[in-house]
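Novice: Sequence:
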Amino acid sequence: QPNLNGGKIACLAQPICGSMPGRLVLGSFMQKFDSAKWLEDHPNIHNVRAVTFDINGVMRGKRLPIGQLKKAVNDGVRMPLSLVNLDIWGRDIANSKWVFESGDADGGSRWTGRGPLPMTWTDRDAAMVPLCLTYNDGRLFDGDPRNVLAAVLDKFMARGLHPVAAFEMEFYLADPTWHDGPAPETAASPLTGAVNIREGVLSVDDLNDHDSLLNDIYDCCGMQDVAADAAISEAGSGQFEINLLHGPDCLKVADDAVLFKQIAKGVARKHGLAASFMAKPYADRPGNGMHVHLSVIDQQGHNIFDDGSEAGSQLMQHAVAGLLAAMPESMLIFAPHHNSYRRFAIESHAPLAACWGYENRTAALRIPLGPPQQRRIEHRVAGADTNPYLVLATILAGVLAGLDWAKPAPPPIEGSAYDAELPSLPVTWQNAYEAFATGSVLGDLLPDVFRLMLLDCKAQEMRRFAADISAFEYQSYLDQA
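Just so you know, the working numbering puts 1488 at position 379 of the sequence shown, and the rest follows in order with no gaps.
Here are the simulated lysine to aspartate or glutamate pairs, EDC-like style, with alpha carbons at most 20 Å apart:
| hint | residue 1 | residue 2 |
| --- | --- | --- |
| 1 | Lys-1179 | Asp-1150 |
| 2 | Lys-1264 | Asp-1513 |
| 3 | Lys-1374 | Asp-1234 |
| 4 | Lys-1264 | Asp-1251 |
| 5 | Lys-1146 | Asp-1234 |
| 6 | Lys-1374 | Asp-1338 |
| 7 | Lys-1206 | Asp-1557 |
| 8 | Lys-1379 | Asp-1232 |
| 9 | Lys-1374 | Asp-1325 |
| 10 | Lys-1206 | Asp-1246 |
| 11 | Lys-1374 | Asp-1328 |
| 12 | Lys-1206 | Asp-1565 |
| 13 | Lys-1206 | Asp-1251 |
The hints are simulated quantities; they were obtained by calculation from the structure and are not laboratory data.
Starting from the given sequences, assemble the full structure and let the hints guide the process.
Specialist: Below, the structure is given as structure tokens:
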């Protein structure tokens, strides 16, 4: 599929091919997989990582001997259902029904049909087997983030609609070794050893400085079938963006985003660096975003956002209205951490208000122009520190809400959204928590089990941050207040 618009993602109307995402479409993968043949073809693989991804997007699971590969892909790996509801430090959630009330019961798992995926950045080559959690009766567990996305996609399929999506992934490369400053140092040039002090907007020199690392990332993406496209040097010194190609299988699209983060982190470690997807690792540099491009096609392969005009169709307007209405209560997913809210600042290219506009990168929703058949929505709110499954599920839920309401969107913003009087998004973690807890737009579009898990997890994280006394507080108040 072609990539148009100067390297930006183009969501083209196209017929669906292959299996579409759904709750129970994965059985055919398991029937066809020949573990003995795979092991024969990959003699260098020493062990297997049976993994899933928790609410925070952290990879969790088990390391198995290579002889257990068949077991991993045939639903033989049992793990506690609470595994996907740990806080960012990996601690159980206090008073959670999924831990103590249930006796921390195990559930089953189901292979997603992806992989096994080579992990060449480990000490010995390993293979990753991505799993999703199930109840003991085989139903998908509604607290697993991948299953949350699958449930929303089911609702689109019931309407005869198929989303087409893509992610833009931003991250910093940093030197993780100890130093005197309060933040990690920018990665030095492998050629000169000098730390880059220039800003990096579309700098080819910055790409060249880290060509070996980027080549390794692309090689690993190829081995894991992660659809990596254009790479650019982003606005901050040491910041990069790699776009992932759009596709009509949104479970694979989200899988690609989750796996890309693991690849970038693993390859960077192999090069002695850290790849940081933290939303705002440097106070004086741009934050890391994770923009999502989205269109929707019908059963005839037509992009429902396209009516032949630059303005886009009435259905696109309905989708925009739903996304704007859902945006305040979605912020706990788009900005799920204490650090996330540092990214939202005036003239930072991070949106501060629920608004939309054509070719306007100050708006939360940008409608790129170009050929009408490529009409799509760019959702610019989420940080790179988020869970891609949950971000895409929440965005798609907002689109569904808008299509069901069939209400027009407010007028598009022109000029800088930072200068206009617009409805503000939640500006603190606590405000976002309250908006999610009391919001009514997403309603039953997201499973209740997941909603409760997220609220419990974030409440525990907020309590711990609130109890922390920073070094800066001591410096400011110890002998002055």
